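Novice: Dock chain B against chain A, hints included.
First to last, the protein sequences are chains A and B.
Here the first sequence stands for residues 1 to 207, where the numbers follow the UniProt record's numbering.
Here the second sequence stands for residues 1 to 207, where the numbers follow the UniProt record's numbering.
Just so you know, the hints here were simulated from the structure itself, not pulled from any lab data.
This structure is a prediction, so every number in the text was calculated from the model and none was measured.
Remember, identical chains collapse to one label, so a pair may be satisfied in a single copy or spanning two.
Below, in silico cross-link-like pairs of lysine-lysine (BS3-like), each with a Cα-Cα straight-line distance of 25 Å or less:
1) Lys-50 x Lys-8
2) Lys-184 x Lys-27
3) Lys-114 x Lys-67
4) Lys-46 x Lys-21
5) Lys-108 x Lys-67
6) Lys-202 x Lys-67
7) Lys-27 x Lys-46
8) Lys-50 x Lys-83
Protein chains: 2
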Amino acid sequence: MSKKQEPKILSVTDLSTSEAKWVSLKKVEFVDQTGTPRSWEIAVRKTTSKSGVDAVAMGNIFVHPSKPPATMLVIQYRPPIGKYTIEWPAGLIDEHETPEEAAIREMKEETGYKGKILDSSPAVASDPGLTNATLKLVMMEVQLKEEDDIMPDQKLDEGELIERVMVPLSELYDRLMKYAAQDKYMIAGKLFYFAAGVHFAKNSGYI
Amino acid sequence: MSKKQEPKILSVTDLSTSEAKWVSLKKVEFVDQTGTPRSWEIAVRKTTSKSGVDAVAMGNIFVHPSKPPATMLVIQYRPPIGKYTIEWPAGLIDEHETPEEAAIREMKEETGYKGKILDSSPAVASDPGLTNATLKLVMMEVQLKEEDDIMPDQKLDEGELIERVMVPLSELYDRLMKYAAQDKYMIAGKLFYFAAGVHFAKNSGYI
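Chain A with its partners taken away, still in its complex shape (with noise of 0.2 Å):
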């Protein structure tokens, strides 16, 4: 990537929704348990798969014949919070796609390697009370040679600056901490949880 400068957001306007092309609102009308009608109010997609899912993320992890298991992280500049956040890939699913052939593709786009994928989950909700967007989290295996030290190009759609970062599985929480810890970036929430997870199994006592 040709770096020159930070990203800066000029300007936040209100959005109709006939104009916006990528996401729309929607209101819901509905009847509760208890049969009293309701509303809510959500953002939506426009674009959406046939697989009826919206997005794959890829749980990666690296495995060297001579170093520590690793994962592969990015960082991009996320207009929406106007910083750069910290995630695994992840990408949106084309409509002919599976969720699965999508994972395989977004994880050689963004990360340049070609994974081999362990387990695929069911589809999970992004964030429920605002949206009806869904994902699958995908666990992939990526087998590296002694010789491979370095990252491959990346294939990444026109706009896309996506950085690679690798990060011992044992080291995860921690080096999330100290990127959370800088003003600059933000932790995407899933990857945060995950590593929560793991940070909470190993340390707790609890489990």
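Specialist: Structure of chain B alone, referenced to chain A:
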């Protein structure tokens, strides 16, 4: 809760940004790292607390003298998804509250229990490709007495219908997978990621 019927969605209609009360659409104009002007469409909550964080979720541990440590999950109908979601208790932070005050309040309202805060996470991004919404994961402990085996009253807001279920921490991942296998339920992504992190730490052999 007087549950007479299953909730039912009657209609989903376009909502204009000017009519919406809780959510709006915004267009962010920004300049990226290469100096290229770009734009991004985002969903924004109209409610924001002075703390700069939108919401809290309570990762809770119930400790009992003679039972294994457990966590209380909440099940509620979520109109954006059209299903019942399985989540940790959570809520929006009121305007003049700290995140930690909101965590204590919401925990009491949704579970009926007063929790003690063990840890409060950095603000993390709820769904950073779609929205500016942020939250903190507040880990809480509730110390039960030998005789505590019933569910105390909740203090729900009008219209809130939330069921509670207590799950031993060691069974969290398997129990979530059982819910996910039923069409009427969907797991909230962040809770799933935490459980997946615990499961990964315990079973993957990588860490």
